[in-house]
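If you read the protein sequences in the order shown, they are chains F and G. Numbering of the first sequence is given in the numbering used here, commencing with residue 1 and proceeding in unit increments. Numbering of the second sequence is given in the numbering used here, commencing with residue 1 and proceeding in unit increments.
By construction, these hints were calculated from the structure, which means they are not laboratory data. Incorrect hints may have been included.
Using 20 Å as the maximum straight-line C-alpha spacing, the simulated PhoX-like pairs for lysine-lysine come out as follows [to be verified]:
hint: 1; chain 1: G; residue 1: LYS86; chain 2: F; residue 2: LYS179
hint: 2; chain 1: G; residue 1: LYS186; chain 2: F; residue 2: LYS179
hint: 3; chain 1: G; residue 1: LYS42; chain 2: G; residue 2: LYS28
hint: 4; chain 1: G; residue 1: LYS4; chain 2: G; residue 2: LYS109
hint: 5; chain 1: F; residue 1: LYS24; chain 2: F; residue 2: LYS179
hint: 6; chain 1: G; residue 1: LYS28; chain 2: G; residue 2: LYS58
hint: 7; chain 1: G; residue 1: LYS173; chain 2: G; residue 2: LYS96
hint: 8; chain 1: G; residue 1: LYS173; chain 2: F; residue 2: LYS179
hint: 9; chain 1: F; residue 1: LYS173; chain 2: F; residue 2: LYS96
hint: 10; chain 1: G; residue 1: LYS173; chain 2: F; residue 2: LYS188
hint: 11; chain 1: F; residue 1: LYS4; chain 2: F; residue 2: LYS179
hint: 12; chain 1: F; residue 1: LYS96; chain 2: F; residue 2: LYS60
hint: 13; chain 1: G; residue 1: LYS179; chain 2: F; residue 2: LYS186
hint: 14; chain 1: F; residue 1: LYS186; chain 2: G; residue 2: LYS173
hint: 15; chain 1: F; residue 1: LYS186; chain 2: G; residue 2: LYS186
hint: 16; chain 1: F; residue 1: LYS173; chain 2: F; residue 2: LYS24
hint: 17; chain 1: F; residue 1: LYS4; chain 2: F; residue 2: LYS186
hint: 18; chain 1: G; residue 1: LYS186; chain 2: F; residue 2: LYS173
hint: 19; chain 1: G; residue 1: LYS96; chain 2: F; residue 2: LYS188
hint: 20; chain 1: G; residue 1: LYS186; chain 2: G; residue 2: LYS96
hint: 21; chain 1: F; residue 1: LYS28; chain 2: F; residue 2: LYS109
hint: 22; chain 1: F; residue 1: LYS86; chain 2: F; residue 2: LYS4
hint: 23; chain 1: G; residue 1: LYS179; chain 2: F; residue 2: LYS188
hint: 24; chain 1: G; residue 1: LYS28; chain 2: G; residue 2: LYS96
hint: 25; chain 1: F; residue 1: LYS173; chain 2: G; residue 2: LYS58
hint: 26; chain 1: F; residue 1: LYS96; chain 2: F; residue 2: LYS58
hint: 27; chain 1: G; residue 1: LYS188; chain 2: F; residue 2: LYS179
hint: 28; chain 1: F; residue 1: LYS42; chain 2: F; residue 2: LYS24
hint: 29; chain 1: F; residue 1: LYS188; chain 2: G; residue 2: LYS186
hint: 30; chain 1: G; residue 1: LYS86; chain 2: F; residue 2: LYS173
hint: 31; chain 1: F; residue 1: LYS186; chain 2: G; residue 2: LYS109
Protein chains: 2
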Amino acid sequence: MASKEGILIVLSGPSGAGKGTICKSLLKEIDIQYSISATTRKPRPGEVDGREYFFLTKEKFENMIEENGFLEWARVYDNYYGTPRKFVEETLSAGKDCILEIDPQGAQKVRENKPDGVLIFIAPPSMQELENRITNRGTEDISEIKKRLSCAREEMLSMYNYDYVVINDQVEKAVEKIKAIIIAEKCKIQRSKIDNLCL
Amino acid sequence: MASKEGILIVLSGPSGAGKGTICKSLLKEIDIQYSISATTRKPRPGEVDGREYFFLTKEKFENMIEENGFLEWARVYDNYYGTPRKFVEETLSAGKDCILEIDPQGAQKVRENKPDGVLIFIAPPSMQELENRITNRGTEDISEIKKRLSCAREEMLSMYNYDYVVINDQVEKAVEKIKAIIIAEKCKIQRSKIDNLCL
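Okay, chain F solo, but in the shape it has when bound (with noise of 0.2 Å):
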């Protein structure tokens, strides 16, 4: 019997609105596999290579952009990060469902990379929670803090591309939701298994 292939799931949402808390509570609670970025930054003490990220070369992920490697890729500053495509599909087709972690740009190049992918935004309560969330951070100078509200407001707009949205007021309630979703599509009629039923 063929295996059925899986379902690729992305979470994005702007910096602040917790999508980071809720995949690392969904990977505890769900048999997913979680999709490891590559990057060519340095790795850091007790980052290991194909847990954290791909560690690369600057040549060696250049190289992949070219044989279209990616499903989505962006530089920042000096460093390359992206979603390798091979490790992505084979999870897929090992009939295993996938996650991926990413900012709102890169969730649009996968939705047009893969637009069976299953696109959720997790959205914050409000905006003033928010703009609280990301000005409490304490890591960022006033000009940062501002850079990240702006962009975050840009970022709220891009939620009518996606599938869902879940507001995320409680994790533990948005966790949930993303099960729901997650069952849901797999009874969609367009990804339903019916060979068995003979017709």
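Dock chain G against chain F, hints included.
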């Protein structure tokens, strides 16, 4: 604050797939209004008007047909059966979800009248199992069973007009899936309450 419109859930599928059992289970577990059908047949002992059915005269029923008062209706031998539009629309407007359990012909009419309703097809685990269930009901004669089997095969093919298919191999599992579908539908970007984000 304006109340949010409820979601219309339409449970359908061939006779013998178990939609009635699933619907009863679901009603015990979640807060959803069962759509009460109207009929012109006489009440059976113990049946209460406005609980099992709205019991109408033939004249009243035909007037309501004229006035577009049904989301779907059908004549079965000498009696009419139908889904009163007003009851469903008032439930949804009050912000409450509403569930309809009807045959596939009725489900298609509801789709035309209420395109944002969510159509869920309850499928048997296999055609063999469906045939066993229809055959073992024990109340019908052979020609009635044959008619039901042929009709069920026809109805299985209508599956592709639905949003979701839930295979009823175990009632509890099927109920969990429908609960997930309802949660996911509420997260759909088209249905989401995002006014409070004050973009």
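Here's how the hints hold up against the structure:
1. The straight-line distance between the Cα atoms of LYS86 (chain G) and LYS179 (chain F) is roughly 34 Å, outside the 20 Å bound, and the hint therefore fails.
2. This hinted pair checks out: LYS186 (chain G) and LYS179 (chain F) have alpha carbons roughly 13 Å apart, not beyond 20 Å.
3. Under the criterion of a C-alpha separation no larger than 20 Å, the hint pairing LYS42 (chain G) with LYS28 (chain G) is inconsistent with the structure, at around 27 Å.
4. A distance of roughly 25 Å separates the Cα atoms of LYS4 (chain G) and LYS109 (chain G); the hinted pair therefore is violated under the 20 Å criterion.
5. Between LYS24 (chain F) and LYS179 (chain F) the alpha-carbon distance is near 13 Å, which keeps this suggested pair within the 20 Å criterion.
6. In summary, the hint linking LYS28 (chain G) to LYS58 (chain G) is not supported, as the alpha carbons are separated by about 33 Å, beyond the 20 Å threshold.
7. Taken as a hint, the LYS173 (chain G) and LYS96 (chain G) pair is broken in the structure, with Cα atoms around 24 Å apart against an allowance of 20 Å.
8. Distance check on the hinted pair: LYS173 (chain G) and LYS179 (chain F) sit about 15 Å apart at the alpha-carbon level, within 20 Å; holds.
9. For a cut-off of 20 Å, the pair hint linking LYS173 (chain F) to LYS96 (chain F) is broken: about 24 Å separates their Cα positions.
10. Distance hint between LYS173 (chain G) and LYS188 (chain F) is fulfilled; the C-alpha atoms sit about 16 Å from each other, no more than 20 Å.
11. Proposed proximity of LYS4 (chain F) and LYS179 (chain F) is supported: the alpha carbons are some 19 Å apart, at most 20 Å.
12. About 27 Å separates the Cα atoms of LYS96 (chain F) and LYS60 (chain F), which puts this hinted pair outside 20 Å; it is violated.
13. Taken as a hint, the LYS179 (chain G) and LYS186 (chain F) pair is honoured in the structure, with Cα atoms around 13 Å apart against an allowance of 20 Å.
14. Annotation: proposed proximity of LYS186 (chain F) to LYS173 (chain G) holds, straight-line Cα distance about 13 Å (limit 20 Å).
15. For a cut-off of 20 Å, the pair hint linking LYS186 (chain F) to LYS186 (chain G) stands: about 17 Å separates their Cα positions.
16. Taking the CA atoms of LYS173 (chain F) and LYS24 (chain F), the gap is near 14 Å; set against the 20 Å cutoff, the hint holds.
17. Among the hinted pairs, LYS4 (chain F) with LYS186 (chain F) is consistent with the structure: their alpha-carbon atoms are about 10 Å apart, no more than 20 Å.
18. With a C-alpha separation of about 13 Å, the suggested pair LYS186 (chain G) and LYS173 (chain F) falls inside the 20 Å cut-off, and the hint holds.
19. As the CA atoms of LYS96 (chain G) and LYS188 (chain F) are separated by approximately 24 Å, the hinted pair breaks the 20 Å bound.
20. About 12 Å separates the Cα atoms of LYS186 (chain G) and LYS96 (chain G), which keeps this hinted pair within 20 Å; it holds.
21. With a CA separation close to 27 Å, the supplied pair LYS28 (chain F) and LYS109 (chain F) exceeds the 20 Å bound.
22. Of the pairs offered as hints, the one joining LYS86 (chain F) and LYS4 (chain F) holds, with about 18 Å between alpha carbons and a cut-off of 20 Å not exceeded.
23. About 14 Å separates the Cα atoms of LYS179 (chain G) and LYS188 (chain F), which keeps this hinted pair within 20 Å; it holds.
24. A C-alpha spacing of about 16 Å is found between LYS28 (chain G) and LYS96 (chain G), which places the hinted pair at or below 20 Å, so the restraint holds.
25. With a C-alpha separation of about 49 Å, the suggested pairing of LYS173 (chain F) with LYS58 (chain G) is violated against the 20 Å cut-off.
26. A threshold of 20 Å between alpha carbons decides the hint, and for LYS96 (chain F) with LYS58 (chain F) the separation of about 30 Å lies outside it, so the pair is violated.
27. Note on LYS188 (chain G) and LYS179 (chain F): the hinted pairing holds, with a Cα-Cα distance of about 14 Å set against a maximum of 20 Å.
28. Our distance criterion of 20 Å between C-alpha atoms is broken by LYS42 (chain F) and LYS24 (chain F), whose separation comes to about 23 Å.
29. Restraint check: the Cα-Cα separation between LYS188 (chain F) and LYS186 (chain G) comes to about 15 Å, which is no more than 20 Å; the hinted pair holds.
30. Restraint check for LYS86 (chain G) and LYS173 (chain F): the C-alpha separation of about 34 Å exceeds 20 Å, so the hint is violated.
31. Of the pairs offered as hints, the one joining LYS186 (chain F) and LYS109 (chain G) is violated, with about 26 Å between alpha carbons and a cut-off of 20 Å exceeded.
Comparing the model with each earlier hint shows violations of hints 1, 3, 4, 6, 7, 9, 12, 19, 21, 25, 26, 28, 30, 31; every other hint is respected.
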